[in-house]
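These are the residues of each chain, in order.
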Amino acid sequence: MSFYEKMHGIGNGMVDYQFNCHRPGFMSADYNLNSTSAMEPTKRTTQPSVTGTSVIGCKYLGGVIIAADTLGSYGSMARFREISRVMKVNETTVMAAAGDYADYQHLKGRLERMMISEQVMDDGFELPPQAVHSYLTRLMYQRRSKFNPLWNTLTVAGFKNGAPFLGSIDKIGIAYEAPTVASGFGAYLSQPLLRRAQEEDPQKFTYEKARKTIEKCLQVLYYRDARSYNRYEIAIIDANGVRIEKPKACDTNWEIAKMVKGFE
Amino acid sequence: MFPDGNYGLGSDEISTGTSIMAVEFDQGVVIAADSRTTSGPYIANRVTDKLTPIHDHIFCCRSGSAADTQAIADIVAANVELDGVQMGGLPLVKKAAEIFRGYCYSYRDSLSAGIIVAGWDPKEGGQVFTIPLGGMLVRQPFSIGGSGSTYIYGHVDATFKKNMSREDCVKFCSNSLALAMNRDGSSGGVIRIAIIDKNGVERRALLGEEIPRFYEG
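Chains as they are written, first to last, in the working numbering: chain G, 3 to 266; chain A, 7 to 223.
Just so you know, these hints were derived from the structure itself, not from any lab. Careful, some of the hints might be misleading.
EDC-like cross-link-like pairs, simulated, lysine to aspartate or glutamate; straight-line CA separation at most 16 Å [as the list claims (entries may be wrong)]:
no., chain 1, residue 1, chain 2, residue 2
1, G, K214, G, E235
2, A, K100, A, D115
3, G, K250, G, E217
4, G, K110, A, E104
5, G, K248, G, E217
6, G, K148, A, D115
Label-pair distances were calculated between CB atoms; the ranges are [what the hints assert, rightly or not]:
no., chain 1, residue 1, chain 2, residue 2, range
7, A, K168, G, K218, 47 to 57 Å
8, G, S136, A, G94, 22 to 32 Å
9, G, T254, A, G94, 29 to 39 Å
10, G, E179, A, S171, 51 to 61 Å
11, A, M93, G, D124, 20 to 30 Å
12, A, F166, G, Q121, 39 to 49 Å
13, A, F166, G, E247, 24 to 34 Å
14, A, L213, G, V122, 54 to 64 Å
Here a beta-carbon is modelled for each residue, glycine too, at the ideal position from N, C-alpha and C.
So that you can see chain G by itself, here it is in the shape it has in the complex (with noise of 0.2 Å):
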C-alpha cells in the first residue's frame, strides 16, 4: 500500500485487512470495515454511543489539575456509573476524555501500546505532554478527515521541565493550550468560574485555590448538568509526579429547596 493510499484511505479494502491484520502496531479502527465495496475512501460519520460528559481542568503554580465523573450515560440514561474517564499516560502526562467511551478505550489502548514501545527502547525518553498534545491532534484530524471521527473532545494535562501543560483536543482536530480547560457543559458553565478564579492573581493561584475552585464547578456541574453524576476522579500533576486520586463525591446543599413553594 503506498503512503498515498494509506494516508487516504484507499487500498483494497477488505483484502487488504486480511493481509495486513496481523502486522504488529495494525489498528482495525483505521480501516473501514464497514464499506462494502473495495477501493472506497471511509465514509461514515459514527454516532456516539456510550458518552461521558464534561471534563474540566487548570493551571496553578507548580502543577495542573484536571476532573472528571465517572459516569458513561447510555442516551439520557445514567447507564455505567463507576466507569473512568482519566487515564495516566507516563510519569508527566495525563489525558481525559469526554463524548463516546468506546472511542475513549481505543485511544487509551493506543496510547498505552505507544508507551510500552518507548519504554523498550529504553534510552531515557518519555514522551513530553506537549508531544502526545501533538500526536493526539494528528490522529483526531486524520480521523475526521476520512470522516470517520473518533467522537471525543480530549484534555491532556501534564508538568515537565518545570512548566504546567494543559491542551484540549475536539473531533474535529481543533487543538490549543490554555491556563483552564472546560469541555461539554463545562465550557458553559465552568469555564468562566475558572477563568475569574485564576486570572484574579495568576502569580498567586495555588494548589489549595486551583482545587477549591474544581470542587466548586463540579458541584456547579452536578446542580446543572442532567448527564452528570456525583461521583468524580481528579488527577493533580506536579513535580512529583502523577496523582489520580480514588472517586469522591461533592457536598450538596438544597436548602433552597425550602423557600420555594407552588411555581415560582
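Chain G is already provided as a structure; the job is to place chain A on it using the hints.
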C-alpha cells in the same frame, strides 16, 4: 440512539429482543436469559437458547440482531478455542471479552449487538464483562441487557447485594427477568439459567408455573 424505535434493526430483521443478565458470585457466575426471538411482532422462536457457549467455562448472553450476534459468537468461539490450545489451559474470560469487543468496536456502524460475556477462569474466578452498542468493554459485578432490561434497572439497583450466595444469585436473576419479561413485549417464554464455576456449567430452565409472579394489574 435509534429514532426509529427498533434499535437499528430492519423492520423484519430477526432480533433477540431480549432480557439478559449475569451476576458474579464468590466461586463463579450465574447467567440468565429469556427465550423469545421476534421478527417484528411475530415470535419466530419461543424457546430460544440465548446463552451461547464460547468455551467450557465461558458463556455469552446475546441481545440485538440474532444474525449479528450468532456470527460474532461463532468467530469468537473459534478464536478462543485456538487460544486455549496455544496457551495450554483454560482461556481467560477477559481475553474472550476482549476478542468480542474487538469485533463489536471495529464494526460498530454495521452491527446491532449488545453482549454480556461471563465465565470462570482459574486466574480471576467468576467475571462478568459487558459490551454494549458502540463496542466499549467494562467489567461489572452484575450486568443486565437487552430491551427488557430497561424495565428492571430500578429493581436490580434496589435488590442487588454484594457477596450473595450461588442460590441467591439464581433467585436474583429469576426474579429480575420475570419482571422484565412481563413488561417487555420482545421478551418472554422461559427463563434459561446457567451457573458456571470451576466444576463446569449447570443448566436450568424455569418453565410456565415455575416463573416467579408479581403484581400483574
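Verification of the hints:
Under the criterion of a C-alpha separation no larger than 16 Å, the hint pairing K214(G) with E235(G) is consistent with the structure, at around 14 Å. A threshold of 16 Å between alpha carbons decides the hint, and for K100(A) with D115(A) the separation of about 24 Å lies outside it, so the pair is violated. For the proposed pair K250(G) and E217(G), the alpha carbon gap of about 10 Å is at most 16 Å, so the pair holds. The hinted pair formed by K110(G) and E104(A) meets the criterion: a straight-line CA distance of about 14 Å does not exceed 16 Å.
Of the pairs offered as hints, the one joining K248(G) and E217(G) holds, with about 14 Å between alpha carbons and a cut-off of 16 Å not exceeded. As the CA atoms of K148(G) and D115(A) are separated by approximately 15 Å, the hinted pair is consistent with the 16 Å bound. For K168(A) and K218(G), the hinted distance range of 47 to 57 Å is not satisfied, since their beta carbons lie about 33 Å from each other. Distance hint check: the CB atoms of S136(G) and G94(A) are about 43 Å apart, inconsistent with the given range 22 to 32 Å.
For the hinted restraint 29 to 39 Å between T254(G) and G94(A), the CB-CB distance of approximately 54 Å leaves it violated. Our hint of 51 to 61 Å for E179(G) and S171(A) holds, since their Cβ atoms are close to 54 Å apart. For the pair M93(A) and D124(G), the beta carbons lie near 28 Å from each other, so the given range of 20 to 30 Å is met. Distance hint check: the CB atoms of F166(A) and Q121(G) are about 40 Å apart, consistent with the given range 39 to 49 Å.
Distance hint check: the CB atoms of F166(A) and E247(G) are about 27 Å apart, consistent with the given range 24 to 34 Å. For the hinted restraint 54 to 64 Å between L213(A) and V122(G), the CB-CB distance of approximately 57 Å keeps it satisfied.
When the structure is compared with the earlier hints, violations turn up for hints 2, 7, 8 and 9 and for no others.
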